[in-house]
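> What follows is the residue order along each chain.
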Amino acid sequence: MTSGEKYVAAAYLVVFLTLLVYVVIIASKLQRLEAALTDLVERVRARG
Amino acid sequence: MSGYLSDVAALARKDLLLELRGRDTLPAMLLFVASALVIFHFALPSGTGELAGLGLLWVAIVFTALLGLSRAFVAEREQGVLDGLVLAPSDRSAIWLGKAIAAFAFLALAEVVALPLFALFFSSVDGATVAGVVLADVGICAVGVFLAAMSIATRARELLLPVLFLPLAIPLIVGGVGASVTENPGRYLGFLALYDLLFATICWASFEYVVAE
Amino acid sequence: MTIRARGLAMRYGAKRVFEGLDLDVEPGGFVLVTGPNGSGKTTLMRLISGLVLPTAGELEVDSDRARLGFLAHEPLVYRELTALENLELYGRLYRVPERRERIGMLLERFDLWDARSERTGSFSRGMLQRLALCRVFLHEPSLLLLDEPFSALDAEGAALLDRELAARRGRSTFLVATHDPERLEPLATGRLAFA
Amino acid sequence: MWLRNNALAASAALAAVLLASAIALIAFYVPVDADQGLSQKIFYFHVPIALTAYACFGWGAWKALRHLWKRQEGADLESYVAIHLGVIFGAMTLLTGSIWARASWGVWWAWSSKQLVLFLVLFLFYCAYFMLRFSVEPGPRRANLSAVYALFGVVLIPISFLAIRLAEDFIHPTVFTSNGPQMSGSMFFTFCVSWAAMLATFGALYRLELAGKRIDARMRELRELLA
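Chains as they are written, first to last, in the working numbering: chain P, 19 to 66; chain Z, 763 to 975; chain L, 1423 to 1617; chain G, 99 to 325.
None of the hints are false.
Derived DSSO-like pairs: lysine-lysine, alpha-carbon spacing no greater than 27 Å straight-line: (1) G/Lys-311 x L/Lys-1437; (2) L/Lys-1437 x P/Lys-47; (3) G/Lys-311 x G/Lys-168; (4) P/Lys-47 x G/Lys-311; (5) P/Lys-24 x G/Lys-212.
Quick partial rundown of chain L residues pointing at chain G, CB under 8 Å, derived from the structure: (6) Gly-1435; (7) Ala-1436; (8) Leu-1475.
Source of the hints: derived by calculation from the structure; they are not laboratory data. By construction, the Cβ of each residue, glycine as well, lies at the ideal position given by its N, Cα and C atoms.
Let the sequences and hints guide you as you build the complete structure.
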């Protein structure tokens, strides 16, 4: 791989990784939301 | 309009009176700028040219201003007086303009000492630099007082002011250094005037939202 | 109606200060607001004064800032300035006619004339409260929001305030938060109790 | 709700299609630049990402204005999410920019590249936005302060651009121009597709994060009602 190719690959990889990390963070937030929701449902059910 | 100006005058007068009584901000700024210039003397190795000194003058001005600005709304916050000013019938931007005029006065006084001191320590100060300093002070005080009011409303208080202020001060540094370093300072003075006009307008228009909901 | 509130609610994050509050105060009315500390008396005052917005409900206050007087827990005066200078500042901001005479008369009436040129930083709590009362009455507001006006006042100060309130009954509209409503019972035209 | 959910899915699909075609065009269709060589291909991502970051800050400022002026419900949240994405695109601009500077001029940071320097200033400014926002309790006060600061930001963009151009004269006027090579037809077409792809990505991520934040807000409401 010539140095030019390395840098091009690096640049696109950086963009891809940043977006990937972003999506992963959003996904983990959604999971936390889901857990909070189930906790709330139980609380309502416990209230009877 | 005349009512607005009388409100601004009353508020600016109050700030000058507070400083006269308290006598804490201005002496601190004077000593700060003097010691900063001395430090810069030691920070400049022998080889550096005159331009580096001029550049550091602007660093001293911005950080001296920052020191004064962090005190801008301390009296209002600690004694809870801001509510009294916000409840007054006057336009809320008068609070900003009054405080900005007072801040400008303090900064100008500090510079009346700093510039001759700089000329003594480093190199002469030409007319363009002085014009640049005056124009930059307008921008510094307009934006600085506005951001001081914002940071006072936060938990981090004065700690937040430099973080909010320095990015906005970068164009002022460019304009100021440009005015004092290049041969035709006209463009830079014009740029500083543009900055002042733009940011003073947005500060005047949106200050209401900083102090009231 | 000077003040009209329907379903007023105020919440700070998870903490519900109050909700579903309805209130009607006709011009010249004198409403006593009672309730334990932290039950929302002060919050209601700040809402009506326009300093904060409610999280829910409607609130209409028929009074612009020039005709509103608000006595808060804080005296809202600069400790570095003298009593005169503080009232001078507010006098200008509220464009009070014959400012000096009015300031002199109020300081006299609230027995602060001798201390008029002293820094308010050296004032006792009672003197600060009296200065705050001067500030509130300075521009002769038509709507007065008084948050525990008798706090820190000695017997003599309280008597002064009683006289001022009685003198304005029926002319100005009052909303007074207090811990001993019996004192103001004769003046009251309405009551609002917070749980 | 139906339209909102499907708008999210639709925008995500659009972004995916555009991104894929952009990458395909960059990799196979567009010719290698004559003098700059292969590394010039970073340009097709670097500049569109930068322009998209401007769009994010502009959109954030527009929503801030809506909040301050029209008291539009939810505008504060939208302004925050747009600026949040703006900072992410800004970070990508700085990273790809520095890789491009390394590839073309052998240095990891080029003060002479006006675009990069402008982004550095804006990046500092908008990071301060989050420090401001997270040091105020959620509520109307925080929304107002954030909105006003966002408006300052959008005024700062042209001012900083002008300042950096003016600074050229006395800092070190070097020869590298950084406004990109002249673009032939195919290059320009690829550039436009890549820009559209970046804007679509912003649209998709914007709706995605907003959906998450709205559910989170409603969840907090529910929890308070049950408390």
